[in-house]
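Engineer: Spelled out from the first residue to the last, the chains are:
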Amino acid sequence: MIPHRINKSAVQISAEVISNKKFGPYHHMVFAVGEMAANSRPGNFVAIAIGDSQSAHILRRAFAVYRAIDKGPMGGSIELVIAPHGQGSTWLCSRTVGEFVDLIGPLGTAFGVPSSNANAMLIGGGYGSAPLFALAELLKNRGCRVDMVLGASTAAKIFAPLEGKRSVSSLTLTTDDGSAGIHGQISEAIPRLIREYKTEVIYSCGPMGMLSAIAKIAEDFDIAHQCSVEESMACGIGVCMTCVVPIKYESGIKMVRTCIDGPVMDAAEIIWDKKTVTDLLHS
Amino acid sequence: MIPHRINKSAVQISAEVISNKKFGPYHHMVFAVGEMAANSRPGNFVAIAIGDSQSAHILRRAFAVYRAIDKGPMGGSIELVIAPHGQGSTWLCSRTVGEFVDLIGPLGTAFGVPSSNANAMLIGGGYGSAPLFALAELLKNRGCRVDMVLGASTAAKIFAPLEGKRSVSSLTLTTDDGSAGIHGQISEAIPRLIREYKTEVIYSCGPMGMLSAIAKIAEDFDIAHQCSVEESMACGIGVCMTCVVPIKYESGIKMVRTCIDGPVMDAAEIIWDKKTVTDLLHS
Amino acid sequence: MTTLDYSTKIGSKRFSNPIFTASGCASSGQELSQFFPLTDLGAIVTKSIMTKPRTGRNTPRMAETPSGMLNSIGLQGPGIDAFLENDIPWLVDQKVKVIVSIAGETVEEYGVLSRRLRAVSGISAVEVNISCPNVENRGQVFACHPDTSVAVIEAVRRNIGGELPIVAKLSPDVTDIVEIAKSVVNAGVDGLALINTLLGMVIDVNTMKPKLAGKTGGLSGPAIRPVAVRAIYQVHQAFPNIPIVGMGGVSTGRDALELILAGASAVSIGTASFGNPNAAMLVKNQLSDLLIERGFKDFRDAIGFAHRGV
Amino acid sequence: MTTLDYSTKIGSKRFSNPIFTASGCASSGQELSQFFPLTDLGAIVTKSIMTKPRTGRNTPRMAETPSGMLNSIGLQGPGIDAFLENDIPWLVDQKVKVIVSIAGETVEEYGVLSRRLRAVSGISAVEVNISCPNVENRGQVFACHPDTSVAVIEAVRRNIGGELPIVAKLSPDVTDIVEIAKSVVNAGVDGLALINTLLGMVIDVNTMKPKLAGKTGGLSGPAIRPVAVRAIYQVHQAFPNIPIVGMGGVSTGRDALELILAGASAVSIGTASFGNPNAAMLVKNQLSDLLIERGFKDFRDAIGFAHRGV
Ligand SMILES: Cc1cc2nc3c(=O)[nH]c(=O)nc-3n(C[C@H](O)[C@H](O)[C@H](O)COP(=O)(O)OP(=O)(O)OC[C@H]3O[C@@H](n4cnc5c(N)ncnc54)[C@H](O)[C@@H]3O)c2cc1C
Ligand SMILES: Cc1cc2nc3c(=O)[nH]c(=O)nc-3n(C[C@H](O)[C@H](O)[C@H](O)COP(=O)(O)OP(=O)(O)OC[C@H]3O[C@@H](n4cnc5c(N)ncnc54)[C@H](O)[C@@H]3O)c2cc1C
Ligand SMILES: Cc1cc2nc3c(=O)[nH]c(=O)nc-3n(C[C@H](O)[C@H](O)[C@H](O)COP(=O)(O)O)c2cc1C
Ligand SMILES: Cc1cc2nc3c(=O)[nH]c(=O)nc-3n(C[C@H](O)[C@H](O)[C@H](O)COP(=O)(O)O)c2cc1C
Ligand code: FES
Ligand code: FES
Numbered sequence: 001m002i003p004h005r006i007n008k009s010a011v012q013i014s015a016e017v018i019s020n021k022k023f024g025p026y027h028h029m030v031f032a033v034g035e036m037a038a039n040s041r042p043g044n045f046v047a048i049a050i051g052d053s054q055s056a057h058i059l060r061r062a063f064a065v066y067r068a069i070d071k072g073p074m075g076g077s078i079e080l081v082i083a084p085h086g087q088g089s090t091w092l093c094s095r096t097v098g099e100f101v102d103l104i105g106p107l108g109t110a111f112g113v114p115s116s117n118a119n120a121m122l123i124g125g126g127y128g129s130a131p132l133f134a135l136a137e138l139l140k141n142r143g144c145r146v147d148m149v150l151g152a153s154t155a156a157k158i159f160a161p162l163e164g165k166r167s168v169s170s171l172t173l174t175t176d177d178g179s180a181g182i183h184g185q186i187s188e189a190i191p192r193l194i195r196e197y198k199t200e201v202i203y204s205c206g207p208m209g210m211l212s213a214i215a216k217i218a219e220d221f222d223i224a225h226q227c228s229v230e231e232s233m234a235c236g237i238g239v240c241m242t243c244v245v246p247i248k249y250e251s252g253i254k255m256v257r258t259c260i261d262g263p264v265m266d267a268a269e270i271i272w273d274k275k276t277v278t279d280l281l282h283s
Numbered sequence: 001m002i003p004h005r006i007n008k009s010a011v012q013i014s015a016e017v018i019s020n021k022k023f024g025p026y027h028h029m030v031f032a033v034g035e036m037a038a039n040s041r042p043g044n045f046v047a048i049a050i051g052d053s054q055s056a057h058i059l060r061r062a063f064a065v066y067r068a069i070d071k072g073p074m075g076g077s078i079e080l081v082i083a084p085h086g087q088g089s090t091w092l093c094s095r096t097v098g099e100f101v102d103l104i105g106p107l108g109t110a111f112g113v114p115s116s117n118a119n120a121m122l123i124g125g126g127y128g129s130a131p132l133f134a135l136a137e138l139l140k141n142r143g144c145r146v147d148m149v150l151g152a153s154t155a156a157k158i159f160a161p162l163e164g165k166r167s168v169s170s171l172t173l174t175t176d177d178g179s180a181g182i183h184g185q186i187s188e189a190i191p192r193l194i195r196e197y198k199t200e201v202i203y204s205c206g207p208m209g210m211l212s213a214i215a216k217i218a219e220d221f222d223i224a225h226q227c228s229v230e231e232s233m234a235c236g237i238g239v240c241m242t243c244v245v246p247i248k249y250e251s252g253i254k255m256v257r258t259c260i261d262g263p264v265m266d267a268a269e270i271i272w273d274k275k276t277v278t279d280l281l282h283s
Numbered sequence: 001m002t003t004l005d006y007s008t009k010i011g012s013k014r015f016s017n018p019i020f021t022a023s024g025c026a027s028s029g030q031e032l033s034q035f036f037p038l039t040d041l042g043a044i045v046t047k048s049i050m051t052k053p054r055t056g057r058n059t060p061r062m063a064e065t066p067s068g069m070l071n072s073i074g075l076q077g078p079g080i081d082a083f084l085e086n087d088i089p090w091l092v093d094q095k096v097k098v099i100v101s102i103a104g105e106t107v108e109e110y111g112v113l114s115r116r117l118r119a120v121s122g123i124s125a126v127e128v129n130i131s132c133p134n135v136e137n138r139g140q141v142f143a144c145h146p147d148t149s150v151a152v153i154e155a156v157r158r159n160i161g162g163e164l165p166i167v168a169k170l171s172p173d174v175t176d177i178v179e180i181a182k183s184v185v186n187a188g189v190d191g192l193a194l195i196n197t198l199l200g201m202v203i204d205v206n207t208m209k210p211k212l213a214g215k216t217g218g219l220s221g222p223a224i225r226p227v228a229v230r231a232i233y234q235v236h237q238a239f240p241n242i243p244i245v246g247m248g249g250v251s252t253g254r255d256a257l258e259l260i261l262a263g264a265s266a267v268s269i270g271t272a273s274f275g276n277p278n279a280a281m282l283v284k285n286q287l288s289d290l291l292i293e294r295g296f297k298d299f300r301d302a303i304g305f306a307h308r309g310v
Numbered sequence: 001m002t003t004l005d006y007s008t009k010i011g012s013k014r015f016s017n018p019i020f021t022a023s024g025c026a027s028s029g030q031e032l033s034q035f036f037p038l039t040d041l042g043a044i045v046t047k048s049i050m051t052k053p054r055t056g057r058n059t060p061r062m063a064e065t066p067s068g069m070l071n072s073i074g075l076q077g078p079g080i081d082a083f084l085e086n087d088i089p090w091l092v093d094q095k096v097k098v099i100v101s102i103a104g105e106t107v108e109e110y111g112v113l114s115r116r117l118r119a120v121s122g123i124s125a126v127e128v129n130i131s132c133p134n135v136e137n138r139g140q141v142f143a144c145h146p147d148t149s150v151a152v153i154e155a156v157r158r159n160i161g162g163e164l165p166i167v168a169k170l171s172p173d174v175t176d177i178v179e180i181a182k183s184v185v186n187a188g189v190d191g192l193a194l195i196n197t198l199l200g201m202v203i204d205v206n207t208m209k210p211k212l213a214g215k216t217g218g219l220s221g222p223a224i225r226p227v228a229v230r231a232i233y234q235v236h237q238a239f240p241n242i243p244i245v246g247m248g249g250v251s252t253g254r255d256a257l258e259l260i261l262a263g264a265s266a267v268s269i270g271t272a273s274f275g276n277p278n279a280a281m282l283v284k285n286q287l288s289d290l291l292i293e294r295g296f297k298d299f300r301d302a303i304g305f306a307h308r309g310v
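Here the protein sequences line up with chains A, B, C and D, keeping their order.
Going by the working numbering, the first sequence opens with residue 1, and the numbers climb by one from there.
Going by the working numbering, the second sequence opens with residue 1, and the numbers climb by one from there.
Going by the working numbering, the third sequence opens with residue 1, and the numbers climb by one from there.
Going by the working numbering, the fourth sequence opens with residue 1, and the numbers climb by one from there.
Extracted from the complex, chain A is given alone in its bound form (with noise of 0.2 angstroms):
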């Protein structure tokens, strides 16, 4: 049987929006949520539905926890930064102050924090670097070293607000384009900085092909790597079996579900490689 309930603290809630700000290319949505704001760690996530009860959207859209905070003046709040992508993004990104939407949260898993101090490196890429900042505080106030990279296509799609930089004791930033930081992709900086900063554990969040990168060069050091994945969600709370990634399960495979064993997962277990899932499936 199994030993703890799943989506323990999850609830479902109307929640007033009680800030929208553009930041960049970004969105910075803060909400209303009570005590769900007590119960959410850094790494978890909320899904949140997509116009009202008549829009041609039925499901529900999986969104980073950027900050919780849980005794402010309008009671908990929980933050997000979005990207207006396709529909359903750029309506949550056109709601205003006052309106409601219909929130469920806090969802899946959390980064898992080392039980002594130790450098730790906490590598975003894009809007995949919200979730790190209130990781970063909790490592530090831990006594861990936190050395941040954030990496995006271009310097404006970085996501680094000035009082997230307060706990972090190096920030990188890369660009593929060189318009800011070190020219390239993010994951080409990482090894010389690993070293550099003697890290001893990785973070990451940010697209399957940065995160997949980094899980090849965190293999080549031997070193700890807690990734956040990102696969297309229906429901976000592990019934439909859609959020899947494969994951190394005896001599074959297994697919998990990254809604309640994830978003935040250890990069070692999963089969990055599409070729050998796909040959592991029809074996």
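Derived by calculation from the structure, the hints in this document are not laboratory data.
What you were told as hints is all true, and nothing was included just to trick you.
Here are the computed lysine-lysine pairs in the DSBU-like style, where the Cα-Cα straight-line distance is at most 35 angstroms: (1) A:K275 x D:K209; (2) D:K95 x D:K9; (3) B:K22 x C:K209.
Here are some chain D residues the structure puts well away from chain C; computed CB gaps all over 12 angstroms: (4) L4; (5) P53; (6) Q94; (7) R115; (8) R116; (9) E154; (10) G161; (11) F239; (12) P240; (13) L282.
Every residue, glycine too, gets a C-beta built ideally from N, C-alpha and C.
Starting from the known structure of chain A, arrange chains B, C and D with the ligands on it as the hints suggest.
Structural biologist: Here is chains B, C and D with the ligands on its own, set in the frame of chain A:
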């Protein structure tokens, strides 16, 4: 070949909501429509898209024009009276000033005006009274006597704005529950009123059951009767054939589109009896 | 400016662009001509015509459904005589490309209709509607079975003569649409139209009866697009050289592109025109932008692209 | 307060209310138990289980569509051993009514699964999924043909023994669903589950390839409700005494009532639970209000009411 152009003054525009006021159980809404207003005649309707582009509602809703003002301070405007009934009308009634809706109009036939002045009776049920006020003004300006009879299930549901009453020689109210005017169904009162006012032509607008009852009376008195019918419309512009009513045709039946050959039709041509229609369809 | 060869072919006929109206969704054309010049369409597909005038079904004839609608018109129409006298000359006069859709209750009726069309000039193709769900007896849906489908197509071929392309319109409400397609391809059609509506029903929870007078109706609109894409993909995979007129829930250029990538040589706009009389023009413009963005110089290179890989 | 007898029956088994979860849309139950007490459900229908553990298909496994979605899970599951060891005892322990859904690649596999279920206590019925579209070969969809459907049902009957009601789950993707229903009714099923998903496809217009790794997927959600209502209506008309578990796009009490009026004895909530984990409870409460409003004192009087007239 067909002599006149179908939908000949219809245009599709994005119309701004310039007023939205509750009026008893109805909403009185005003839209900025520019030149469209000049082409609108009493009896015409407009078709409005429901929800945004992500709405699960793919069809427009038809609304009779209550008033069209050619040159107001905001340019041309069109006014509607809407009963929030199902999802579409409820959505429309919750639009606020400054929002835009996708609107096509003017559509359909208009009330025909007698060539010489005549005693006209205008009969409206529920929001069906809306298009009759502009007609009353037109008829009065042509020198007709205008007697108006408005009915509804209960007093609150009679739509009869003060300024609308200016143009009528008499106004009679009826309510099914007796809460205002004559107690009973509107059609019960009509024969007596026809005699009293020496009615020569009837104009009606309201639920199909009411129109049918009036058609019977008009036939008995042998007076002309133009009615504005309401059938479920998918397109409003004559391309789908959903909105038909059965009319007498040679020895049988013909289905005509109420969106382009109506909504205003000669009541004497329509086959009102459901059973007759079914029998003719299966003969 | 990037140029795009936007033309397409069905059998021997060429169309200036691949955006058509869907049968039964543009009446006989005049109603839409107030909104855009009909000559901007690749073709207008007329409402399925029968030999005799037909009253159609009782009302209510429609019900809105989530992202779709049901209709049960029951093939109301003026009959072939009035159609050839009034509707066709007007369209031909306007220089609109016309595809005539025909429907019959019997195999013979299709033959009679084909003979009548034989002599008519100005027509670009005949679409044989063997899949209308709005008939009293579903046994009458010829496209439900290969043998009845073939019987109709053969009657049409025998009677229509000449080189007018024959397009068979199929129903998605079958166990194996590829099998039906195969039967009519072997019977010699020049193209396929996919898909007609799905059989559906709405019950009014207030009256507690079916909402439509005809009880069942045909489901159309965006709701059915995934079924259309699947049917087109399967049939194009089996018969890559048979042109497909694709339809089913297209209301934007993106949607049209989806059907084309699946294998459609042309795309008909049906229900979308009810919500937006300018839908066909919107789709036409958006589609051309999307094709150019993706580097296509010839529209026909995009047909069935999802089968080929990048 | 007006009272309503909300109970329903499938074969010999009684359920406290007619709201079930749909197979594959509630996993094994625990995930939803955070949101409402599972005992408030009429029954939980478990995800279709096979003999061996199964990995399922590659990702992406889903695509949102207008008022619907495609899925191609490919029957991922732990296999019957782990299922009977972990999932069933937990549900039985919680006193939840359980309907076990089974799926096989061969007729024999259904037989094996039935034999395993025979001895298990605490199960209320077995739902035989012969209609999953997410298999490599559509020839494997047993519910596409009467003979294969019957073969499976007979294998189940022979092996399951006792009086556990057998419910056959059918596919709407057939030419004549009444014919398939007839075959399994004659083979002795105690009930039917209508409908499974429709086969569909979405093409990603950016990659220009099918969006799902498995190319095709099953279409579910409000988009398909008119097809579900039609199928239930047709089958109930043909077999008024066979209980139907209705499903397909139900997300409100109104929707559930529509299926019930068409002929469903119980209603399963599938895709709606993805958008709203509390959907089943919402439907249950709204439905009971609607029934009471309409003067029903016994839920069972509403079943198939649209056939009977007022
Ligand atoms: C655990 C998790 C955390 C996330 N955190 C954030 C965040 O902090 N900020 C942010 O902007 N976005 C985040 N996303 C992505 C977000 O959920 C949406 O997928 C994205 O906003 C696109 O949705 P859309 O409706 O605008 O686009 P559409 O393209 O219209 O989406 C269509 C469908 O595809 C699915 N989909 C498409 N792409 C993806 C993808 N890359 N990942 C998952 N589902 C996809 C969507 O769920 C949706 O059902 C996260 C996703 C996951 C799974
Ligand atoms: C010519 C004409 C003029 C109209 N004028 C007005 C008016 O001035 N004010 C007003 O409030 N309403 C008017 N209506 C009715 C209006 O178009 C809507 O049908 C009504 O508001 C209900 O729509 P809904 O979306 O709220 O309800 P829903 O029940 O959600 O509508 C569902 C569908 O059913 C159709 N439908 C349902 N009932 C009717 C009906 N009685 N007539 C036509 N279609 C129906 C709708 O078009 C829609 O597609 C008029 C209708 C027509 C045809
Ligand atoms: C109101 C209506 C009437 C239709 N009439 C016909 C018809 O006469 N002949 C025909 O072949 N198809 C007819 N169809 C089917 C359409 O041509 C088309 O195949 C179907 O609606 C799917 O496309 P859509 O989703 O774009 O509407 C009709 C559809 C609708 C909605
Ligand atoms: C993600 C997903 C997984 C499903 N898995 C199964 C399954 O394992 N067995 C089965 O019989 N039906 C399965 N179905 C079909 C549903 O049980 C149901 O028949 C269908 O989705 C229609 O109902 P809905 O519109 O309420 O979802 C699945 C559906 C979805 C969306
Ligand atoms: S999103 Fe449904 S199981 Fe993960
Ligand atoms: S509403 Fe379409 S023809 Fe009248």
